[in-house]
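*Asks:* Keeping the supplied structure of chain A fixed, place chain B upon it in accordance with the hints.
Read top to bottom, the protein sequences are chains A and B. Going from the first sequence to the numbering used here is simple: count from 1 and add 416. Going from the second sequence to the numbering used here is simple: count from 1 and add 416.
Quick caveat, the hints were computed from the structure, so don't treat them as lab data. None of the hints are false.
Since the list gives no way to pick out one identical chain from another, each pair is judged satisfied if it fits inside one copy or across any two copies.
Heads up, simulated DSBU-like pairs for lysine-lysine below, C-alpha to C-alpha not over 35 angstroms straight-line:
#: 1; residue 1: 572; residue 2: 497
#: 2; residue 1: 670; residue 2: 586
#: 3; residue 1: 510; residue 2: 572
#: 4; residue 1: 687; residue 2: 553
#: 5; residue 1: 469; residue 2: 499
#: 6; residue 1: 607; residue 2: 510
#: 7; residue 1: 607; residue 2: 499
#: 8; residue 1: 497; residue 2: 607
#: 9; residue 1: 691; residue 2: 586
#: 10; residue 1: 607; residue 2: 572
#: 11; residue 1: 499; residue 2: 510
Number of protein chains: 2
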Amino acid sequence: MGSTGVRIAIDAMGGDHAPGEIVAGALRAREELGVSVLLVGDPQEIERRLPPKTNLEQVEIVTASSAIAMDEEPLSAIRRKPKASINVAMDLVKQNRADAVVSAGHSGAAMAAALLRLGRLPGIDRPAIGAVFPTIKAGKPVLILDVGANVDCRPKFLEQFAVMGSAYSKYVLGISEPKVGLLNIGEEDCKGNDVTVRVHQMLRENTQISFIGNAEGRDVLSGEFDVIVCDGFVGNVLLKFAEAVGSVILQILKEELPQGLHGQIGTALLKPNLKRIKQRMDHAEHGGALLLGVAGICIISHGSSQAPSIFNAIRMAKEAVDNQVQEQIQRQYQSQL
Amino acid sequence: MGSTGVRIAIDAMGGDHAPGEIVAGALRAREELGVSVLLVGDPQEIERRLPPKTNLEQVEIVTASSAIAMDEEPLSAIRRKPKASINVAMDLVKQNRADAVVSAGHSGAAMAAALLRLGRLPGIDRPAIGAVFPTIKAGKPVLILDVGANVDCRPKFLEQFAVMGSAYSKYVLGISEPKVGLLNIGEEDCKGNDVTVRVHQMLRENTQISFIGNAEGRDVLSGEFDVIVCDGFVGNVLLKFAEAVGSVILQILKEELPQGLHGQIGTALLKPNLKRIKQRMDHAEHGGALLLGVAGICIISHGSSQAPSIFNAIRMAKEAVDNQVQEQIQRQYQSQL
Numbered sequence: 417m418g419s420t421g422v423r424i425a426i427d428a429m430g431g432d433h434a435p436g437e438i439v440a441g442a443l444r445a446r447e448e449l450g451v452s453v454l455l456v457g458d459p460q461e462i463e464r465r466l467p468p469k470t471n472l473e474q475v476e477i478v479t480a481s482s483a484i485a486m487d488e489e490p491l492s493a494i495r496r497k498p499k500a501s502i503n504v505a506m507d508l509v510k511q512n513r514a515d516a517v518v519s520a521g522h523s524g525a526a527m528a529a530a531l532l533r534l535g536r537l538p539g540i541d542r543p544a545i546g547a548v549f550p551t552i553k554a555g556k557p558v559l560i561l562d563v564g565a566n567v568d569c570r571p572k573f574l575e576q577f578a579v580m581g582s583a584y585s586k587y588v589l590g591i592s593e594p595k596v597g598l599l600n601i602g603e604e605d606c607k608g609n610d611v612t613v614r615v616h617q618m619l620r621e622n623t624q625i626s627f628i629g630n631a632e633g634r635d636v637l638s639g640e641f642d643v644i645v646c647d648g649f650v651g652n653v654l655l656k657f658a659e660a661v662g663s664v665i666l667q668i669l670k671e672e673l674p675q676g677l678h679g680q681i682g683t684a685l686l687k688p689n690l691k692r693i694k695q696r697m698d699h700a701e702h703g704g705a706l707l708l709g710v711a712g713i714c715i716i717s718h719g720s721s722q723a724p725s726i727f728n729a730i731r732m733a734k735e736a737v738d739n740q741v742q743e744q745i746q747r748q749y750q751s752q753l
Numbered sequence: 417m418g419s420t421g422v423r424i425a426i427d428a429m430g431g432d433h434a435p436g437e438i439v440a441g442a443l444r445a446r447e448e449l450g451v452s453v454l455l456v457g458d459p460q461e462i463e464r465r466l467p468p469k470t471n472l473e474q475v476e477i478v479t480a481s482s483a484i485a486m487d488e489e490p491l492s493a494i495r496r497k498p499k500a501s502i503n504v505a506m507d508l509v510k511q512n513r514a515d516a517v518v519s520a521g522h523s524g525a526a527m528a529a530a531l532l533r534l535g536r537l538p539g540i541d542r543p544a545i546g547a548v549f550p551t552i553k554a555g556k557p558v559l560i561l562d563v564g565a566n567v568d569c570r571p572k573f574l575e576q577f578a579v580m581g582s583a584y585s586k587y588v589l590g591i592s593e594p595k596v597g598l599l600n601i602g603e604e605d606c607k608g609n610d611v612t613v614r615v616h617q618m619l620r621e622n623t624q625i626s627f628i629g630n631a632e633g634r635d636v637l638s639g640e641f642d643v644i645v646c647d648g649f650v651g652n653v654l655l656k657f658a659e660a661v662g663s664v665i666l667q668i669l670k671e672e673l674p675q676g677l678h679g680q681i682g683t684a685l686l687k688p689n690l691k692r693i694k695q696r697m698d699h700a701e702h703g704g705a706l707l708l709g710v711a712g713i714c715i716i717s718h719g720s721s722q723a724p725s726i727f728n729a730i731r732m733a734k735e736a737v738d739n740q741v742q743e744q745i746q747r748q749y750q751s752q753l
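Just chain A, with the same shape it has in the complex (with noise of 0.2 angstroms):
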């Protein structure tokens, strides 16, 4: 295992296609990134996915004796099953023996393991999931949090939510002076419900942010703003209507375009530019989420995930790890205190 590379800890067991599209996504990270993948699950199991001739340099396999199944409770069956692969993965990264975990299981279970095992950063009431979503914009995608970690949320929490969201923005995305928005109900300040009205005007005292106002529905995808925070209600339904909305439309592009002859032919003459527009409002490509606010680094994929977008994934959480995200909002706490 190369010491100097990046290692990153893979719950094998968690996801549909756990582990064959896992262990598949590992290792073409691991051969194209330059990643140490550390594989945890049921070592039968993952050997079985390994093709015949895998260089086992830069993999490592690690036992978890059992996984926790997607319609358990999350914190209970974290604590009753401490050899499960995601807490393994986690006891990893606390052992300081792989610097980040990705997980395509159970979300609730990736957070509460990660809550438990790793603990919160300090100065930060609660951790926070974060997604990435294209916008209008090529290239200039934008990171909403709260996704679904907190569904109650106090003004507090969102200020601290739009504090990490800014500094994964700027170390990570490399958005020199990331622009902050509150997801709400009007662009005026007064707009809102109880915690929007006095979440605003936390945000435009805070000196640590750049907060540009209220984000509507309709500017999320605007490309205008680089971050916007929401409770984890608001967020997580935004989050699956967002994700259904790209197949929706995709089904009816299929329906819609080749009916009649002319149909027929333009939509082959379009094959490779339907592909292209496929692949733009693909989630795959995004590869996860990425939770902000515990004591390391932690990406949550898709439950669906298959090899791309857990190559995606890994993607991500080197990239977290490389630009010292963790350390970056530390810093961020410090100088307040």
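*Replies:* Positioned in the frame of chain A, the structure of chain B alone reads:
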């Protein structure tokens, strides 16, 4: 004015394209739907927009001396300007000179005017704004409410939204047993924030509706639900996001489809099919949102509405009148008492 036909009061001064497009949409509705229209606003401004040979049968101009601007605080503006067009339009319903109101003006002001001039239906604590979304199943739309009237909701408000939405779906949209869902972040009964966990239980026990469980963001456009209830904060974010997504996708298609020579030919061949896709996704086809729970039928159109949207909004208003949606909602509450 035909005394047997449906009479619609139209806020001719409300919206970005008032009064020209509003008047044009109203005249078309009178022509094609056989409704009487009462155009409320500045008589000179309205008359200038009437084509020279307009048949003034079934068209009445009702004078209003002012209008509410989009940046005014709704409640105080409604109180300060009793002769504003939206107030005068509501008064026409109150005086039984009209059966419904259509406005593309300030939606908060329309809500405030309806509440102050018409009042609430008995048994309803908070009126809600409902919006009809197209789904992946052609011809099977879903009614979402509330999309903006109530940003902080108590559980019983959401229960009332479910009953009102169900009545609208049944008596206006013609669904014999509307499937009601609660917008939430997971399918399981226990998922959600403080409010939705309680509402879930209340909807389960409500015998007036057919509650089929939680609807996640990804289920909104699935066609599996006829009515989805949520608070006005998340509903408004979702509505505006959904509207914007349509435009974003159309823009991506416009950019990507015609690339290369094959792309140009293919796109030219597909012109009629692309037009049909645009129509299927275009919210102008859906007319407007409806105010449920006030003692009168009110349709709120988008501020950017042009004549086709206004026409569709008037059609929605006529269908609500024809199907006695108010009486049906009231009956639900009388049966409950």
